[in-house]
Amino acid sequence: GKPIYAAGETIRLVPATRYAQARFNKLYQGKTYIPAARIPRVTPDPQYSKYTKTTVSSARGKFAFDNLGPGDYFVTAQKIIATPGKFQVIGGAMYTRVTIRGDERYPVKIVITDR
Numbered sequence: 374g375k376p377i378y379a380a381g382e383t384i385r386l387v388p389a390t391r392y393a394q395a396r397f398n399k400l401y402q403g404k405t406y407i408p409a410a411r412i413p414r415v416t417p418d419p420q421y422s423k424y425t426k427t428t429v430s431s432a433r434g435k436f437a438f439d440n441l442g443p444g445d446y447f448v449t450a451q452k453i454i455a456t457p458g459k460f461q462v463i464g465g466a467m468y469t470r471v472t473i474r475g476d477e478r479y480p481v482k483i484v485i486t487d488r
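With the sequence shown counted from 1, adding 373 to any position gets you my numbering.
Just so you know, these hints were derived from the structure itself, not from any lab. For clarity, every value in this text was computed on a predicted model and none was experimentally measured. There could be a bad hint or two in this list.
Taking lysine to aspartate or glutamate and the EDC-like style, the derived pairs with C-alpha atoms no more than 20 Å apart in a straight line are [to be verified]: (1) 435 / 382; (2) 404 / 439; (3) 399 / 476; (4) 426 / 382; (5) 399 / 445; (6) 426 / 439; (7) 423 / 445; (8) 423 / 439; (9) 426 / 445; (10) 399 / 418.
Here are the computed distance ranges between Cβ atoms for each label pair [what the hints assert, rightly or not]: (11) 475 / 412: 12 to 22 Å; (12) 406 / 456: 14 to 24 Å; (13) 454 / 476: 34 to 44 Å; (14) 392 / 458: 39 to 49 Å; (15) 472 / 406: 12 to 22 Å; (16) 475 / 408: 32 to 42 Å; (17) 469 / 392: 15 to 25 Å; (18) 476 / 402: 13 to 23 Å; (19) 475 / 416: 32 to 42 Å; (20) 472 / 414: 27 to 37 Å; (21) 418 / 476: 13 to 23 Å; (22) 402 / 426: 20 to 30 Å.
For glycine and all other residues, C-beta sits at the position ideal for the given N, C-alpha and C.
Using the sequences and the hints given, assemble the complete structure.
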């Protein structure tokens, strides 16, 4: 019922190319969220990875990417929580698509949710 921040998690920024869109469609199967128990293992593609920027979020889930050019991007986050004494984990992987036009005032607020 209340927000869970992706504190200290790796946040990825991926240019929204046709190749990236195809990878996201396959991985997320048309959704923007994958429950933790269903996150598939993906072999990293070095050609794809070299265009991906990463950062780590703060304790409140805040993050920043500098020097972005105009364009479409995917912003991804993952938060998996294991509860002591319980077998099942909660959380998952999620993303949102953002467009940078170049005339925005910074910072731009982005919220990534499991909805």
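Hints versus structure:
Proposed proximity of residue 435 and residue 382 is supported: the alpha carbons are some 10 Å apart, at most 20 Å. For the hint pairing residue 404 with residue 439, the CA-to-CA distance comes to about 28 Å; that exceeds 20 Å, so the pair is violated. For a cut-off of 20 Å, the pair hint linking residue 399 to residue 476 is broken: about 32 Å separates their Cα positions. Taking the CA atoms of residue 426 and residue 382, the gap is near 14 Å; set against the 20 Å cutoff, the hint holds.
For the hint linking residue 399 to residue 445, the alpha-carbon distance of about 19 Å falls within 20 Å, and the restraint holds. Restraint check for residue 426 and residue 439: the C-alpha separation of about 10 Å stays at or below 20 Å, so the hint holds. Between the alpha carbons of residue 423 and residue 445 the distance comes to roughly 17 Å, so the proposed pair stays at or under 20 Å and holds. A threshold of 20 Å between alpha carbons decides the hint, and for residue 423 with residue 439 the separation of about 16 Å falls inside it, so the pair holds.
Of the pairs offered as hints, the one joining residue 426 and residue 445 holds, with about 14 Å between alpha carbons and a cut-off of 20 Å not exceeded. Restraint check: the Cα-Cα separation between residue 399 and residue 418 comes to about 14 Å, which is no more than 20 Å; the hinted pair holds. At roughly 34 Å, the beta carbons of residue 475 and residue 412 sit outside the given window of 12 to 22 Å. Distance hint for residue 406 and residue 456: a CB-CB separation of about 19 Å, consistent with the stated range 14 to 24 Å.
At roughly 38 Å, the beta-carbon separation of residue 454 and residue 476 lies within the given 34 to 44 Å, and the hint holds. As the Cβ distance of residue 392 to residue 458 is approximately 42 Å, the hint placing it in 39 to 49 Å holds. Between residue 472 and residue 406 the Cβ separation comes to about 20 Å, which falls inside the hinted range of 12 to 22 Å. Our hint of 32 to 42 Å for residue 475 and residue 408 holds, since their Cβ atoms are close to 36 Å apart.
The given range of 15 to 25 Å is respected by residue 469 and residue 392, whose C-beta atoms sit roughly 19 Å from each other. Between residue 476 and residue 402 the C-beta distance comes to about 34 Å, which lies outside the given range of 13 to 23 Å. For the pair residue 475 and residue 416, the beta carbons lie near 34 Å from each other, so the given range of 32 to 42 Å is met. Between residue 472 and residue 414 the Cβ separation comes to about 30 Å, which falls inside the hinted range of 27 to 37 Å.
At roughly 33 Å, the beta carbons of residue 418 and residue 476 sit outside the given window of 13 to 23 Å. Taking 20 to 30 Å as the suggested C-beta distance range, the pair residue 402 and residue 426 conforms, at roughly 25 Å.
The structure fails to meet hints 2, 3, 11, 18, 21 from the earlier list, while all remaining hints are met.
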